[in-house]
Amino acid sequence: MQRQAMQLRIDAQLKQADDNITDIIEQVKELQRTAMGLNDEAESAEQIAQILRRQLDALQWIDEQSCDL
1 MQRQAMQLRI
11 DAQLKQADDN
21 ITDIIEQVKE
31 LQRTAMGLND
41 EAESAEQIAQ
51 ILRRQLDALQ
61 WIDEQSCDL
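In UniProt numbering, the protein residues as written are 1 to 69.
Calculated from the structure, these hints are not laboratory results.
Backbone N, C-alpha and C define an ideal beta-carbon position, used for all residues, glycine too.
Possibly wrong hints are sitting among the right ones.
Cβ-Cβ distance ranges computed for the label pairs, FRET-style [what the hints assert, rightly or not]: (1) S44 <-> C67: 34 to 40 angstroms; (2) M1 <-> M36: 48 to 54 angstroms; (3) Q16 <-> Q55: 55 to 61 angstroms; (4) Q65 <-> S44: 29 to 35 angstroms; (5) M1 <-> D23: 29 to 35 angstroms; (6) E30 <-> I10: 29 to 35 angstroms; (7) Q4 <-> I25: 27 to 33 angstroms; (8) L31 <-> L8: 33 to 39 angstroms; (9) A49 <-> I24: 43 to 49 angstroms.
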């Protein structure tokens with residue numbers, strides 16, 4: 001009887017460990033999705049900033065050239 005009770009406890013602990021591991025895997029996946037989203041947003045913001053810098057440079061060049069006329 002004692003052996004069977006121990007087997008049942010071990011089985012329950014293994015099932016709980018499996019559930020915990022599944023939860024951890026889901027949390028890691030969510031973190032990865034979040035990190036990828038943040039990286040995409042940061043990359044997009046950097047691209048926008050780069051475009052705006054180029055446009056500003058072009059406008060400054062046009063302004064300088066028009067002053068020379």
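Taking the Cβ atom of A49 and the Cβ atom of I24, is their distance within the range 43 to 49 angstroms? Given range 43 to 49 angstroms: violated, Cβ gap about 37 angstroms.
Kindly confirm whether 27 to 33 angstroms is satisfied by the beta carbon distance between Q4 and I25. holds, 32 angstroms
Honestly, do E30 and I10 meet the 29 to 35 angstroms range at C-beta? holds, 30 angstroms
Between M1 and M36, does the beta-carbon spacing fit 48 to 54 angstroms? holds, 53 angstroms
Has the hinted range 29 to 35 angstroms been met by the Cβ atoms of M1 and D23? Check passed, 33 angstroms falls within 29 to 35 angstroms.
Regarding S44 and C67, is the given constraint of 34 to 40 angstroms on their beta-carbon distance met? Check passed, 35 angstroms falls within 34 to 40 angstroms.
Between the beta carbons of L31 and L8, is the distance compatible with 33 to 39 angstroms? holds, 35 angstroms
Evaluate the given range 55 to 61 angstroms for the C-beta pair formed by Q16 and Q55. About 58 angstroms separates the Cβ atoms of Q16 and Q55, which means 55 to 61 angstroms holds.
Distance restraint hint 29 to 35 angstroms, applied to the beta-carbon atoms of Q65 and S44: holds, 32 angstroms
Hint 9 from the earlier list is the only one contradicted by this structure; the remaining hints agree with it.
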